[in-house]
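**Q** Letter by letter, the chains look like this.
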Amino acid sequence: MQRRCGGTRSSRHRHHELIVRPRSEAEDGEQAFALSSRADAVILDVHLPDMNGLEVCRQLRESHGMVDVPIVNISGAYIGAADLVRGLRSGADAYLTRPVDDEVVVANLQAVLRLRDNVRRLSAELEEKRRNEDRARDLFMAVLGHDLRNPLDAIAMSSQLLARMPGSPGVIEQATRRISTAAARMTNMLDDIQDYARSRLDTDLALRTTPQSLGQLAAAAIEEMRAANPRANLQLSVNAPDDGFWDGPRLSRVIANLLRNAMEHGQPEETVTVRCWSNGAKRLLAVHNEGPAMSEGVIKQLFQPMAKRVTAAPTGSNMGLGLFVCREIVTAHRGHISVTSDAGGTEFTIELPASA
Amino acid sequence: MTSTVVVVDDDVDAADSLALVLVTCGFEVCTAYGGRQAVDLILTMEPDLVVSDLEMPGVSGLDEVAEVRARPSKQPRMVAISGAASGDMKNRALAAGFDAFLTKPTSIQDLLAALQVDPEIPGQRALSD
Chain A
0 MQRRCGGTRS SRHRHHELIV RPRSEAEDGE QAFALSSRAD AVILDVHLPD MNGLEVCRQL
60 RESHGMVDVP IVNISGAYIG AADLVRGLRS GADAYLTRPV DDEVVVANLQ AVLRLRDNVR
120 RLSAELEEKR RNEDRARDLF MAVLGHDLRN PLDAIAMSSQ LLARMPGSPG VIEQATRRIS
180 TAAARMTNML DDIQDYARSR LDTDLALRTT PQSLGQLAAA AIEEMRAANP RANLQLSVNA
240 PDDGFWDGPR LSRVIANLLR NAMEHGQPEE TVTVRCWSNG AKRLLAVHNE GPAMSEGVIK
300 QLFQPMAKRV TAAPTGSNMG LGLFVCREIV TAHRGHISVT SDAGGTEFTI ELPASA
Chain B
0 MTSTVVVVDD DVDAADSLAL VLVTCGFEVC TAYGGRQAVD LILTMEPDLV VSDLEMPGVS
60 GLDEVAEVRA RPSKQPRMVA ISGAASGDMK NRALAAGFDA FLTKPTSIQD LLAALQVDPE
120 IPGQRALSD
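Quick note, the sequences are listed as chains A and B, same order. End of the first sequence sits at 355 in numbering that gives the first Met the number 0; the numbers just go up one at a time, nothing left out. End of the second sequence sits at 128 in numbering that gives the first Met the number 0; the numbers just go up one at a time, nothing left out.
Don't read these hints as lab results, they were simulated from the structure. Fair warning: there could be bad hints in the mix.
As the list claims (entries may be wrong) - Distance windows between CB atoms, simulated:
no.: 1; chain 1: B; residue 1: Ala-65; chain 2: A; residue 2: Gln-215; range: 36 to 42 angstroms
no.: 2; chain 1: A; residue 1: Asp-242; chain 2: B; residue 2: Ala-112; range: 22 to 28 angstroms
no.: 3; chain 1: B; residue 1: Ser-72; chain 2: A; residue 2: Gln-300; range: 57 to 63 angstroms
no.: 4; chain 1: B; residue 1: Ala-112; chain 2: A; residue 2: Leu-121; range: 57 to 63 angstroms
no.: 5; chain 1: A; residue 1: Pro-352; chain 2: B; residue 2: Ala-112; range: 29 to 35 angstroms
no.: 6; chain 1: A; residue 1: Val-170; chain 2: B; residue 2: Ala-112; range: 29 to 35 angstroms
Stated by the list, open to error - To list a few chain A residues with every Cβ distance to chain B over 12 angstroms, as calculated:
no.: 7; residue: Asp-116
no.: 8; residue: Glu-124
no.: 9; residue: Val-237
Positions of the beta carbon are idealized from the N, C-alpha and C atoms, including for glycine.
Make a model of the complete structure from these sequences and hints.
**A** Structural data, given as structure tokens:
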């Protein structure tokens with residue numbers, strides 16, 4: 000341990016440099032805050048004039064960036080067992096009583112710093128592991144979204160072929176239609192998975208924009224939904240202008256996801272309404288159902304990918320990606336998606352610039 | 000005269016179902032399950048049309064089209080079909096020499112449109128409605 004002029008004692012032990020401010024410099028608790036922000040560890044005298052030392056300790060622990068900085072309390076005045084307990088409970092990592100040897104202070108500091116280093120290393124390792132796992136999952140999703148298309152292509156092609164054979168009897172016709180709608184639904188899911196993986200892996204969604212009509216996209220989505228659920232009660236109203244420059248297949252998927260969502264979270268006989276309208280250069284589309292009101296907590300989680308499902312709806316085709324992907328696609332169009340929910344039902348609204 | 004098609008896909012199910020559709024439409028179809036085999040087949044058979052997957056081990060669809068386009072032999076119309084539905088993949092396929100790009104799974108309608116099939120040829124009309 001060496002001594003320096005100017006009243007600052009400093010000692011170098013391995014890679015830690017320890018700056019100890021005597022009371023003339025860290026005069027009181029207030030100053031301790033300013034000084035401790037750049038320290039590796041804090042030694043606190045529990046006998047400061049303007050603020051209770053334990054209170055300083057508590058506040059230091061709560062202040063930004065100080066969560067894992069070791070604090071060693073030293074006191075010549077509060078040296079009873081109850082004082083030690085209070086000191087440690089206030090957030091200190093060690094509590095020493097005077098008189099105390101310098102070597103004991105240094106050894107205690109080294110011990111708490113060692114502990115802090117271990118915690119930091121483990122946290123970093125954990126964070127690294129979590130990032131790797133996230134990336135592995137996202138890559139897996141990307142591969143899944145791609146590779147499942149081959150067998151699906153074979154199914155879709157073969158069912159279309161069967162459906163087009165002249166003179167197919169009724170049963171074959173029904174079966175092929177069922178295979179076709181199932182294949183179409185799977186395609187939708189794979190598209191969602193692929194867009195999810197792209198957004199997670201920071202790959203551009205690469206929109207392919209062409210002239211589109213929101214009303215026509217909605218009508219086609221409703222048509223498909225009716226083919227799969229003949230008893231679905233779906234209404235559409237369109238107020239022109241509803242045209243814009245967008246990625247048609249992706250917007251179709253957004254509307255299909257919102258429709259499916261509205262139907263899964265309402266009763267079968269209830270009406271699902273789709274409205275299209277404009278507001279200046281903005282084009283809007285809303286999907287409304289008469290389902291039960293959602294709580295704030297549920298709404299907050301809605302657009303999170305694979306968020307734990309908090310409502311008791313049939314899961315069916317829902318992988319928990321639908322709304323996340325809807326938001327990604329709408330945002331890629333420089334648009335906005337929002338939701339309102341009350342006793343009258345739940346409504347999702349997408350707002351798109353006419354030219355994305 | 001019947002049009003000839005080479006279908007290329009390393010996924011046997013995907014290749015065979017596509018071939019079956021084209022046979023039913025009245026085409027004469029040959030199937031290759033890899034890019035290398037496809038190039039050999041295209042150069043010897045000189046088909047009118049090629050429908051080829053892009054991501055294949057070894058010689059990819061992009062390598063295949065580049066090799067075919069570099070030869071002085073008869074040039075078929077070549078349609079790419081891929082599971083990677085990105086705009087980027089489409090641009091790369093067209094830049095490499097493909098004439099059209101389809102995303103898996105595709106429909107018979109889109110397939111025939113990409114092949115620019117003449118609806119007046121008997122056998123090809125039946126399924127193209």
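**Q** May I ask which of the numbered hints given earlier this structure violates, with the numbers listed in increasing order?
**A** none
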